[in-house]
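Participant: Use these hints to put chain C onto chain P, whose structure you have.
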Amino acid sequence: MPGGKALMERGPKPTILVTGGTGFLGSHLVTRLLAEGHRVVVPARSRHGLSADQRMARLLDWFGTPHQQRSLLEVVEANLEYPSLGIAPQQAADLRLKVDEIIHCASDTSFSSRKEEQVKRVNIQGLEHLLDLLSGSRCRRLYLISTAYVAGKRIGDCPEAFQETTAFHNVYEQSKFIAEQIAASRCAASGIRLTVIRPSIVYGDAQTGRTLAFNALYYPVRTIHYFSKLYHEDILEHGGDRARALGIHRAPDGTLHLPIRIDGGSGCGVNLIPVDYFLRAFLAIRDAPSADGVFHIVNPQNTSIAELVDFTRRFFHLTGLEVTTGEDVASLPRHGLELLFDRHIQAYSAYIRDARIFDRSRSDALLRQAGVTCPAFTYAVFTTCMRFAVDVDWGRLLWESSPAGP
Amino acid sequence: MIPEHVRAQAAQCRHYAMCKIDYLGTGLCASGAEHHYVSHFPQGRMDLCDALANNQIAITEGLVEIADSCNLCGICDRQCHFVTGMRPVEVMKALKEHVREWLARGNMPIAAPFDPVLEQLRQIVGQRWATNDPAVLLTYAHDPFPLAGPQMPRFVILPGNREEVAAVVRFANGHQIPYVVRGNGGSVFGFVFTDGLVMDMHRMKDIVIDAENWTALVGPGVTSFELQQAAVKQGFRVNTAEPAATVCGNIVCTGLFSTWANAYGVNADTFVDMEFVSRDGEFFRLNDPRAPNVFCYEHRLTPSPGICTRAHVRLHPMTEDEEGMLIPFAEFDEAVDFARDLSRRRIGLALGVLGGHYLSTFMAPTATLAEQVRGSLSETLGMRYAVFMVGDRFARQAVQSMRPAVINADLFRMLLLGLPRLADREWQDLLIGMGGDEPVYEFLLRPEMRPVLEAVLRPAPETLAAAVDEDLRTFYTQLYARPEMTDMVWLNMFRILSSRMSRHKHMFAFLIYVPMDRPDLIRAICDRLQRIADDQGLENDFGFLTPLDLGKRGILEYDYYINHQDPVDADRIRQAAVEFEPYLDEISATIKGVKWLKYIFSQGCARKEAFLYT
Numbered sequence: 001m002p003g004g005k006a007l008m009e010r011g012p013k014p015t016i017l018v019t020g021g022t023g024f025l026g027s028h029l030v031t032r033l034l035a036e037g038h039r040v041v042v043p044a045r046s047r048h049g050l051s052a053d054q055r056m057a058r059l060l061d062w063f064g065t066p067h068q069q070r071s072l073l074e075v076v077e078a079n080l081e082y083p084s085l086g087i088a089p090q091q092a093a094d095l096r097l098k099v100d101e102i103i104h105c106a107s108d109t110s111f112s113s114r115k116e117e118q119v120k121r122v123n124i125q126g127l128e129h130l131l132d133l134l135s136g137s138r139c140r141r142l143y144l145i146s147t148a149y150v151a152g153k154r155i156g157d158c159p160e161a162f163q164e165t166t167a168f169h170n171v172y173e174q175s176k177f178i179a180e181q182i183a184a185s186r187c188a189a190s191g192i193r194l195t196v197i198r199p200s201i202v203y204g205d206a207q208t209g210r211t212l213a214f215n216a217l218y219y220p221v222r223t224i225h226y227f228s229k230l231y232h233e234d235i236l237e238h239g240g241d242r243a244r245a246l247g248i249h250r251a252p253d254g255t256l257h258l259p260i261r262i263d264g265g266s267g268c269g270v271n272l273i274p275v276d277y278f279l280r281a282f283l284a285i286r287d288a289p290s291a292d293g294v295f296h297i298v299n300p301q302n303t304s305i306a307e308l309v310d311f312t313r314r315f316f317h318l319t320g321l322e323v324t325t326g327e328d329v330a331s332l333p334r335h336g337l338e339l340l341f342d343r344h345i346q347a348y349s350a351y352i353r354d355a356r357i358f359d360r361s362r363s364d365a366l367l368r369q370a371g372v373t374c375p376a377f378t379y380a381v382f383t384t385c386m387r388f389a390v391d392v393d394w395g396r397l398l399w400e401s402s403p404a405g406p
Numbered sequence: 001m002i003p004e005h006v007r008a009q010a011a012q013c014r015h016y017a018m019c020k021i022d023y024l025g026t027g028l029c030a031s032g033a034e035h036h037y038v039s040h041f042p043q044g045r046m047d048l049c050d051a052l053a054n055n056q057i058a059i060t061e062g063l064v065e066i067a068d069s070c071n072l073c074g075i076c077d078r079q080c081h082f083v084t085g086m087r088p089v090e091v092m093k094a095l096k097e098h099v100r101e102w103l104a105r106g107n108m109p110i111a112a113p114f115d116p117v118l119e120q121l122r123q124i125v126g127q128r129w130a131t132n133d134p135a136v137l138l139t140y141a142h143d144p145f146p147l148a149g150p151q152m153p154r155f156v157i158l159p160g161n162r163e164e165v166a167a168v169v170r171f172a173n174g175h176q177i178p179y180v181v182r183g184n185g186g187s188v189f190g191f192v193f194t195d196g197l198v199m200d201m202h203r204m205k206d207i208v209i210d211a212e213n214w215t216a217l218v219g220p221g222v223t224s225f226e227l228q229q230a231a232v233k234q235g236f237r238v239n240t241a242e243p244a245a246t247v248c249g250n251i252v253c254t255g256l257f258s259t260w261a262n263a264y265g266v267n268a269d270t271f272v273d274m275e276f277v278s279r280d281g282e283f284f285r286l287n288d289p290r291a292p293n294v295f296c297y298e299h300r301l302t303p304s305p306g307i308c309t310r311a312h313v314r315l316h317p318m319t320e321d322e323e324g325m326l327i328p329f330a331e332f333d334e335a336v337d338f339a340r341d342l343s344r345r346r347i348g349l350a351l352g353v354l355g356g357h358y359l360s361t362f363m364a365p366t367a368t369l370a371e372q373v374r375g376s377l378s379e380t381l382g383m384r385y386a387v388f389m390v391g392d393r394f395a396r397q398a399v400q401s402m403r404p405a406v407i408n409a410d411l412f413r414m415l416l417l418g419l420p421r422l423a424d425r426e427w428q429d430l431l432i433g434m435g436g437d438e439p440v441y442e443f444l445l446r447p448e449m450r451p452v453l454e455a456v457l458r459p460a461p462e463t464l465a466a467a468v469d470e471d472l473r474t475f476y477t478q479l480y481a482r483p484e485m486t487d488m489v490w491l492n493m494f495r496i497l498s499s500r501m502s503r504h505k506h507m508f509a510f511l512i513y514v515p516m517d518r519p520d521l522i523r524a525i526c527d528r529l530q531r532i533a534d535d536q537g538l539e540n541d542f543g544f545l546t547p548l549d550l551g552k553r554g555i556l557e558y559d560y561y562i563n564h565q566d567p568v569d570a571d572r573i574r575q576a577a578v579e580f581e582p583y584l585d586e587i588s589a590t591i592k593g594v595k596w597l598k599y600i601f602s603q604g605c606a607r608k609e610a611f612l613y614t
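Residue numbers (our numbering), protein chains in the order written: chain P, 1 to 406; chain C, 1 to 614.
Hints listed in this document are in silico derivations from the structure and should not be mistaken for laboratory results.
Take the hints with a grain of salt, since some may be wrong.
If you anchor each label on the Cβ, the simulated ranges turn out as follows [unchecked claim]:
1) GLU470(C) to ASP393(P): 24 to 34 angstroms
2) PRO300(P) to GLU470(C): 49 to 59 angstroms
3) ASP393(P) to ALA8(C): 35 to 45 angstroms
4) ASP53(P) to ARG345(C): 53 to 63 angstroms
5) PRO483(C) to GLY265(P): 45 to 55 angstroms
Over the 10 angstroms line for every Cβ pair with chain C, so calculated as not near, a few chain P residues [claimed, not checked]:
6) ARG32
7) SER51
8) ALA88
9) ASP157
10) ALA184
11) ALA188
12) THR223
13) ASP234
14) ALA347
15) ARG360
C-beta: ideal position from N, C-alpha, C; glycine also.
Looking at chain P on its own, in the form it has when it is part of the complex (with noise of 0.2 angstroms):
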């Protein structure tokens, strides 16, 4: 592990604390830090039930870390929504005393506007109260996880630096853009040292499939394997008359032929990383001597929304899924299971149609002489994430005790 040579070659190993930790990106890098021998303190709150430290342990137990190097873990109970994180004032003097670095990974990633509050206050003031509760602290170092969206609207080109962007296409661009905004300005007037991580769209570990985080790219595959599901029981055991309404059919073979259109539209497709590249690179660039500034952590082939619905097709043994074109779909009426993708393409469109491209000579830079590389989304890539999904049912059965998750 690269890092964690390097690490060693540093001398005594900083003190992290990191948010959003029993979120997706920032459990993997609190379990790869406590691997790397480092003391981790995570903010986190109560949750479903669950205690910040039981949402934390069970996250541990999900990646199979070693006791021993829990005992580096310290969870505090923390709400980013509250100046000082709603903790108490000695405990605020304690973390200021002991943390070296910050790897700030919370985040609502959500789009809707309905949402604009809630996203507001999590991604931006949750920063601004992280930031002032350890203001005058001995941390020197500020590990910001954005996102390679902050460039909003912006066509072509999305270099890898801090850039004027005025226009977004939701709340959470506008908002992690804000974010980064504010960072850089807090940073540099406190003289902490600012890495700006924006990676792309975040799937599972592409060896394995593992993951914690069932949307995104898995969102429109879990849509189209619930409604497979709910069409084959419709026909083996309702009679079949739902189905040929809208015109599914099952063949001797198994296969469902499952009409539905799907608008492609334009674009570049959708730019996925999985979770082991984004860890590896992160490291790689921590430890980097000077890696300051922006570094993007992207793909650099986009997948086609054909690929993925071929990949889709093949997975689960469909026939009727199509891709077509804004002309072709506006000409045709819908039914009521397309429209469920348009919707759902509408609302995610920037990212399954990206117009974007990613600069990524800084990161590449480090990243090629870490040795680190963006595997390809491959079928083979798609098959090992959506069987792993499928075999936890979405998430759902990965926390047996409780389904409501960490």
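Facilitator: Relative to the frame of chain P, chain C by itself:
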């Protein structure tokens, strides 16, 4: 020995008297129908079982007869489960068993004490219809309101006609015996107690429909449900209150109001005439020029004008094309404005703004499902409020042209019969992840989505019945195969679902008349009541809001929920009262159009204009 879990269930009876009306077509408790006393209905037996387990009552001759007369037919299990989720047959069995074992040990039941006054009362109403047996008295001695302590009456009597009522009043006056009147034998909010005489009007169930005059003559023991049944048979509808509440009692206490009040009015709008027995035991009718003026309103707590022995209520016509409709909203103010707009445009008959809690609780046959559906409707679909409307086809067409998404009668039936699958976690996850700026309901209610919904929900009586205990599924399947059980018009006329609001806890309802054109004020009242409850840790929620008088005024219900068996909750509501009483008193006195129902109490015959515009 009565097992603790049985006693605990018995103690949860909310006294809503739903076991005293045949609202599911199961028939009535045979013992109750024959004996009429509350003690002989499942409600009374629940109290007696609890009291026996707590050693609060001895086994009397009356109690033996009450236990014996239960034939364990199981009707109460089905009736009670429908609204409360409870299974009282277990309690009935335990009571019978306990008494049988006690007798088998050679014990003799205690006779009720001899009381010469009782004998005189029996001369008025007949031997069977007056009693001082402690077992019977106990079932009239308390209610679920936690701040009202138990008070044992000396007698319970069941008069059979108006002359007997008048004679009992004169007798009580002559012997200085205090008395209270209970329309259907029950009490809910701690008001109707005495250590004297309780008059239960349950035997006086006369209904005479005058189809030419569009009116009905109603005896004081007639419930809203029974009157509605009689009216519907003749092609009419009445504006009614809770199904088990008596029509006369409701008019006198608070005046009638419901979502139908939008079209049919409230209080004096609902009747043509009323007959009373005065405190002196004399009859008077409101249309008599010499009668006391009860059409006026005084802003103070006043006594009732007497005992209502007959109400002459108004009936209303129906058209063949009436259907119910739900119009979803994400925001309260928008829903209020829309309901008011419909009212002032005279669109629709019944109208009301419902909260997500109301809607999910009404629809779901179990508390667990209600909780799941509530999250599904409010959070996943974004349907935090719904305007409910009953209207003819013209009204419905108008509404459809005004709003992007509505739930019509067919879709409601589909949602109701597919409710467990609507709340299915997998389906919820898909809806949550769908994205988009508009509320999910707008998308999901599009006509093109119907076949998809049909496949997802698989609506059928069996699907809904899957949510209840296995041994009740056949009953629920048959029940929900009946068209009226999924018909919003019928359900809203007979209101058989409203008691479900108290399924998980006893409901303490605030009813407040409000100016309908001020959603900010209405919201402020709700916010204040919410804060008071939250401060005390009391569960609370918006109930409903119905426009009145062409949208100029409205009636708001905000609800607190209390475990009536929990002394902590009793203390909480006591503490909350220290805040809400002066607050509601003040806004009732100072803001035009605001009147807390407390002030209308016993002035239910008043003209609405006398208190809504003063």
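Participant: For every hint, state whether the structure bears it out.
Facilitator: Hints, verified against the model:
Distance hint check: the CB atoms of GLU470(C) and ASP393(P) are about 25 angstroms apart, consistent with the given range 24 to 34 angstroms. Separation of PRO300(P) from GLU470(C) is about 58 angstroms and conforms to the stated range, judged on CB atoms against 49 to 59 angstroms. Distance hint check: the CB atoms of ASP393(P) and ALA8(C) are about 37 angstroms apart, consistent with the given range 35 to 45 angstroms. Distance hint check for ASP53(P) and ARG345(C): the Cβ-Cβ separation is about 58 angstroms, which falls inside the suggested range of 53 to 63 angstroms.
For PRO483(C) and GLY265(P), the hinted distance range of 45 to 55 angstroms is satisfied, since their beta carbons lie about 46 angstroms from each other. No Cβ of chain C comes within 10 angstroms of the Cβ of ARG32(P); the nearest lies about 28 angstroms off, and the non-interface call holds. The beta carbon of SER51(P) is kept farther than 10 angstroms from every beta carbon of chain C, the shortest such distance being approximately 21 angstroms. ALA88(P), annotated as away from the interface, keeps every beta carbon of chain C farther than 10 angstroms; the closest lies near 23 angstroms.
Here ASP157(P) stays apart from chain C, with its beta-carbon at least about 27 angstroms from theirs, past the 10 angstroms limit. Distance check on ALA184(P): its Cβ is at least 30 angstroms (rounded) from any Cβ of chain C, clearing the 10 angstroms threshold; non-interface status holds. The non-interface label for ALA188(P) is consistent with chain C: the shortest C-beta to C-beta separation is roughly 35 angstroms, beyond 10 angstroms. The beta carbon of THR223(P) sits about 6 angstroms from the closest Cβ of chain C, which is not more than 10 angstroms, so the claim that it is off the interface is violated.
The Cβ of ASP234(P) does not lie farther than 10 angstroms from every Cβ of chain C; its closest approach is about 6 angstroms, which violates its non-interface assignment. With a cut of 10 angstroms on Cβ distances, ALA347(P) falls inside the contact zone with chain C, its closest approach being about 3 angstroms. In this structure ARG360(P) is separated from chain C by more than 10 angstroms, as the shortest Cβ-Cβ distance comes to about 28 angstroms.
The structure fails to meet hints 12, 13, 14 from the earlier list, while all remaining hints are met.
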